[in-house]
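Asker: Spelled out from the first residue to the last, the chains are:
Number of protein chains: 4
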Amino acid sequence: MKKNRVRYYTDPVHGIISFPWELLQLVIDHPYLQRLRRITQCGLSHFVFPGANHTRFHHTLGVAHIAWRVIQVMQEKGFSISKDEAEATCLAALLHDIGHGPYSHALEQKIIPFHHEEISLAIAQRMNQELSGALDMAISILKKEHPKKFLSQLIASQLDVDRLDYLTRDSFYTGIEEGRVGIDRLIRTFSVHENKLVTEEKAIQTVEKFLVARHHMYWQVYIHKAVLSIQQMLIMLVERIKTNCRNQNDVIMPSSLRSLITNAENSSVQNLLDSYLALDDVTIMQVIKDNLGHPDYILSYLCNCLLDRKIFGLEWISIEKNDYTFAQKLRNINLSLGDQNDEILFLIRTGTEKSTSYVLDNEIEILTNHGDIIPLSEASHVFFKEESLSKSFICYPRHKR
Amino acid sequence: MKKNRVRYYTDPVHGIISFPWELLQLVIDHPYLQRLRRITQCGLSHFVFPGANHTRFHHTLGVAHIAWRVIQVMQEKGFSISKDEAEATCLAALLHDIGHGPYSHALEQKIIPFHHEEISLAIAQRMNQELSGALDMAISILKKEHPKKFLSQLIASQLDVDRLDYLTRDSFYTGIEEGRVGIDRLIRTFSVHENKLVTEEKAIQTVEKFLVARHHMYWQVYIHKAVLSIQQMLIMLVERIKTNCRNQNDVIMPSSLRSLITNAENSSVQNLLDSYLALDDVTIMQVIKDNLGHPDYILSYLCNCLLDRKIFGLEWISIEKNDYTFAQKLRNINLSLGDQNDEILFLIRTGTEKSTSYVLDNEIEILTNHGDIIPLSEASHVFFKEESLSKSFICYPRHKR
Amino acid sequence: MKKNRVRYYTDPVHGIISFPWELLQLVIDHPYLQRLRRITQCGLSHFVFPGANHTRFHHTLGVAHIAWRVIQVMQEKGFSISKDEAEATCLAALLHDIGHGPYSHALEQKIIPFHHEEISLAIAQRMNQELSGALDMAISILKKEHPKKFLSQLIASQLDVDRLDYLTRDSFYTGIEEGRVGIDRLIRTFSVHENKLVTEEKAIQTVEKFLVARHHMYWQVYIHKAVLSIQQMLIMLVERIKTNCRNQNDVIMPSSLRSLITNAENSSVQNLLDSYLALDDVTIMQVIKDNLGHPDYILSYLCNCLLDRKIFGLEWISIEKNDYTFAQKLRNINLSLGDQNDEILFLIRTGTEKSTSYVLDNEIEILTNHGDIIPLSEASHVFFKEESLSKSFICYPRHKR
Amino acid sequence: MKKNRVRYYTDPVHGIISFPWELLQLVIDHPYLQRLRRITQCGLSHFVFPGANHTRFHHTLGVAHIAWRVIQVMQEKGFSISKDEAEATCLAALLHDIGHGPYSHALEQKIIPFHHEEISLAIAQRMNQELSGALDMAISILKKEHPKKFLSQLIASQLDVDRLDYLTRDSFYTGIEEGRVGIDRLIRTFSVHENKLVTEEKAIQTVEKFLVARHHMYWQVYIHKAVLSIQQMLIMLVERIKTNCRNQNDVIMPSSLRSLITNAENSSVQNLLDSYLALDDVTIMQVIKDNLGHPDYILSYLCNCLLDRKIFGLEWISIEKNDYTFAQKLRNINLSLGDQNDEILFLIRTGTEKSTSYVLDNEIEILTNHGDIIPLSEASHVFFKEESLSKSFICYPRHKR
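Residue numbers (our numbering), protein chains in the order written: chain A, 530 to 930; chain B, 530 to 930; chain C, 530 to 930; chain D, 530 to 930.
If you're looking for bench data, these hints aren't it; they were derived computationally from the structure. Any given hint could turn out to be false.
As the list claims (entries may be wrong) - Capping the alpha-carbon separation at 20 Å, the derived lysine to aspartate or glutamate pairs in EDC-like fashion look like this:
#1 C/Lys818 / D/Asp558
#2 D/Lys731 / B/Asp540
#3 A/Lys606 / C/Glu551
#4 A/Lys754 / B/Asp871
#5 A/Lys929 / B/Glu659
#6 B/Lys818 / A/Glu551
#7 A/Lys731 / D/Glu844
#8 D/Lys920 / A/Glu907
#9 B/Lys839 / A/Glu551
#10 C/Lys754 / D/Asp558
#11 A/Lys839 / B/Glu659
#12 A/Lys920 / D/Glu844
#13 A/Lys673 / A/Glu614
#14 B/Lys920 / C/Asp825
#15 B/Lys858 / B/Asp871
Work out the full structure, taking the sequences as your base and the hints as a guide.
Answerer: In structure tokens:
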């Protein structure tokens, strides 16, 4: 009676999730993956969207679930995907984000100077050693080295299971309906052509909608002014901790974080991994709570603002007028905060954000009803034209201490 | 152009939430309420339901939102509720859970020996001082001292806005559909009769469904075996920390928690409040992470299990057979863990849980189409008969160290 | 490139529906099944629930879809169901309601004296002749003669795919949320034990919820007072047409309906089939529109009321007080309508309705975690106790001519 | 106890709908409005989307509901809208589609040569006479003659309550998710500026999404190939009935339709109204069923195809290649149908369809955070650029008789 042993995950987004492989269960239960339960998918965006407390762990399950559904549809359509390849693809889905650190993208490359994908690979490889090579094929898919190229594209391309999950999930938890994607239809219309992942023509509107949804989630959530501002505050926090450390001012923090801050610059990913795997959202919030009264008043100001959700102001500025606006802003901030100390300048930042748009050098490919392949930019006369938009901002404190 | 200043909260559960009072905004933004952002609504239930990371803060907003909608409907129906009373009721809704501590109910009365409602009142009163008495009426509603008794019943009774929100919200985030409640219909059918909150007869099935939903959420979520087990683990953790403290074994923990553990027994709520307000989920997770290598191997075992989601086993046992089962279980656990140390007994617990059922001494009252009032138990011939069910369990470790 | 030929049905209830068999497509496209597009699932209930215009055709697709999903899950669990058996079960699902007539249950046995299941079987058999026996196995499943008894139970039992679809669908289209059922969980927890369909213990609450949902849909939709009243009006209409025919008063109507009304009493199902297959909701509405000015003022009154949604009054009465209430009611109706003609009595009806409750002689069976089978009434201590409730009513006109 | 008298409509799309005015109830219950229950919102689109059986009546309720919600929000924002104006606007919403005929747009101007809006106005005026002028203000809003221009814009403009309802409703019932619109946010961000309806800047993405949704509903539903084909078939049916009438060949049909077909050309709307108000979907389906065996084999062929859902083929053709394609197609059709009769040419049609896009001469206006008004085309750099797309098609029979 093994039948009952299958684990079911109840997901409000996708319904019931389950996988037919014991190895997947082992990987899900591994402390490295469980760590993702303590890392929110959208950082501190829940300051703006109170429902957005969902985790990287949950996203990861969702990505593997969609991958598994696509593979089943492909198999039904007659494409050859072996049982091992199916399992490896789902494993790759589980591992693709395992390298994320505290608050996901918000602090990416700020604590240690590596991109999360590089770290994911390092962690996956360490795990693979523990598991005596059971993850070999999954890793080859992650590294785009597997001969069935379309499996790698399923995990990472302009129309992949990662994006399908995060748009749907972030939309669900933020309550921003514009992010919804017609997942069911997309899942059923993936196909393979000359070893490449393609989408059947009948889903062309659903693909267009997917691109629009992505665009809208950027402007409404990912680069929402308050969300960007919180992200800047977190970055300032980390920088200020580093500055204090360099200046021999003690900051209360867990040893893992201290070790990374001290050694990150000159180390390889591998050497940092032990400390890195101890990091999560709790680490940062602990630092915030423990240094509310730190003698560096800039640090303590940041900690207090982050704890009590006193979000810095952020305004879009046009780059041309930058200097003037900046100076004027500065003056106003000083006046309103009544703070004559030059240190306050540390808390005023400018920067540029852009929505990552559809790129033309590696297009989504459409399989027409006649069996031809055409790039999306040709198939769709309407929406793919979206240009990459970038906007500059100034971010500054607005609460008195 | 003040119009645009109204704050909108985007809630995936209720849609857009907003209130027409500045004082509410002030209270929502207060650090005491913001603290609830760091306290999950369902403790560590997300170990079982990966979507259940929603917070007390979000629930609190939802409760106030439903309260506001009910009041608007009542006003439309012609019942006299002044602007101030409306505001105070929404404030009471915001404050009703402000006293919750880490992991909400899971550790209630375990860290300090007070019920969360008593603490809520103490915090509300302190806030009221800060606000020069602006919360007077809200507090009178919380204390059931306001002459319009039905306002207090709206906040706390067998069919109140608290339950409407938590069933709906917990159902939404766990993905357990059985917990859904016909909120829209209930909101529109609340009425007042002789100063008491009543429900119009036409919503009788929706009330029945509400009780069934509550029943099902108990059995599927709130006293799910793994959820109970995690709760026992958290309780053991706190007890073990206390034991170590008593025995002069240092445990790494924030000073606020240390202060509470040392002083809670003989203090008043008021004296503990400063330390208590520094507690949240982060506090406990920080202790877990900081004591993974604690010399007390029972404590370190608990920390490791809680960090890596190694959930203890839990089985329902019938009370009569208790002794025998207990002894046998004990023997098996010892064998499987290979642990001869008597200390292991600390980790084996029995207990009893019951679903809180509908009680007959303070019934939901139904306003019939003819204008009479009858208790629900009479109006509904079907579902109110649910008996209070209690079940005993044994909980025990099952992962080797 | 046959891949693209699979037909997708976009169902707002279940998502995308498709089947892997050409024969199913042939049956779906057959005029007998297409006829169900012109028969509403819930009769004229859309007079009360304006969204409830969904059809028997749509329901039929949904039943086959759920059957197919259950079979796939069972196959994954290792139960032996051949490709032919799977196809035949889905065909049986498609055919199970093919015998429904105008407004589904509302006029059942009123136009011809046969139950819809008997007619379904006759139509299926005629279709089977056309298809040279391709439906043999499907018919054996419908007739409960197939050796795999559980396949027949899947189509018709106390927890079958028919009920799963109609509760979910009727709930969706009426907007009565109480009828929602946890279909996904139920689909995944069906199992087979000694050739019987059983449900795994872990879905016990979902089964309870299913029974509660059914109960609530009865009271809120299926025997809603206005819905019952409309049903009585339709029955009166058919009776009045018959009376006029017997009295040689011409009624304008299609020849198929005339032929049935004249010949139904003494004929076999087979002989009536040709005429019967020409009936649908349009037939009745056509009669209503064509006889608005009929010389029999009772008939014309009914036609006008049904066209313009002038719903008769309906009140629950207690049987004991029946005579008195009836007489009094009668008097009031006469007064209010100002109608002295005795014919008006034709329009006043009493009757009894009962909610079909869970029956104990053919129980839903639960497969416990230990592999035992116990009846639901034992597994669930709470909800199965629902008694069959019956209620008497009086129905009467309330609009002046 | 009048409180309970308020009528609630349970709408699966918007939740509970109710209005505080008796006059609205009177209008809803009027036979002219009840007629819309027998007219499907999307014609025979349910041949393609089996869930799309929703009616004009239901849509009309929804439009009035959204109008009422917008007005309430505007009143809360401080804009002056009197009780009478609120009621009149909701009445205008109820009346705006009252002139629709069988299958809504599918046969518009085919039976009588008037646009549905002109007919709506004529019906509203007749109703107004019955109601002694109670609809005066509502009619002035419909005719855009009311001084508060923004009320007329709310009912009919590029971002009006009509579109908000039909996109949402058609999306819901077809199951095409791309059509969903963020109604809640739009309702809360309507504003008024210099007597014109404007939208607050914070909803800019939701407006963009609304335009994209409209675009997608065109391509996925409204001009779906099979939907267009069915529409062509209905048009051919009506034309063929007319031809037969002209040729003195009797066609079985209700007298109202016969009267319109005979007299429509030279009459005013007013003179045709009595007959027109007797038309609905049933009328056409009745003609289809009654003429299945008509001696004109083209007419009988159309009737049979429409009854049994034998949809004609439809292909997009490029206009340049039109002649050649047409001739070739013709040849193939003749060969495949084996039909040498020239009459078959009647059944082959070409035509052009275009998606109605955003137009620049009457723009949606955006109220910026600084209080300025800018047209959407300026506020949104991305999506408004959609060009009007038109496509040519050829439509032809493909089922043998």
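Asker: Run every hint past the structure and note whether it holds.
Answerer: Now for the hints, and whether the structure bears them out:
1. With a C-alpha separation of about 18 Å, the suggested pair C/Lys818 and D/Asp558 falls inside the 20 Å cut-off, and the hint holds.
2. This hinted pair checks out: D/Lys731 and B/Asp540 have alpha carbons roughly 17 Å apart, not beyond 20 Å.
3. A threshold of 20 Å between alpha carbons decides the hint, and for A/Lys606 with C/Glu551 the separation of about 15 Å falls inside it, so the pair holds.
4. Between A/Lys754 and B/Asp871 the CA atoms are separated by roughly 57 Å; this puts the pair beyond 20 Å, and the hint is violated.
5. A distance of roughly 18 Å separates the Cα atoms of A/Lys929 and B/Glu659; the hinted pair therefore holds under the 20 Å criterion.
6. For a cut-off of 20 Å, the pair hint linking B/Lys818 to A/Glu551 is broken: about 28 Å separates their Cα positions.
7. At most 20 Å may separate the alpha-carbon atoms for a hinted pair to count; A/Lys731 and D/Glu844 meet this at roughly 14 Å.
8. Proposed proximity of D/Lys920 and A/Glu907 is supported: the alpha carbons are some 17 Å apart, at most 20 Å.
9. Between B/Lys839 and A/Glu551 the alpha-carbon distance is near 17 Å, which keeps this suggested pair within the 20 Å criterion.
10. Between the alpha carbons of C/Lys754 and D/Asp558 the distance comes to roughly 18 Å, so the proposed pair stays at or under 20 Å and holds.
11. Between A/Lys839 and B/Glu659 the CA atoms are separated by roughly 19 Å; this keeps the pair inside 20 Å, and the hint holds.
12. A threshold of 20 Å between alpha carbons decides the hint, and for A/Lys920 with D/Glu844 the separation of about 44 Å lies outside it, so the pair is violated.
13. At roughly 13 Å between alpha-carbon atoms, A/Lys673 and A/Glu614 fall within 20 Å of each other, so this suggested pair holds.
14. A hinted pair counts as satisfied when its Cα atoms are at most 20 Å apart, and B/Lys920 with C/Asp825 does not qualify at roughly 68 Å.
15. A threshold of 20 Å between alpha carbons decides the hint, and for B/Lys858 with B/Asp871 the separation of about 15 Å falls inside it, so the pair holds.
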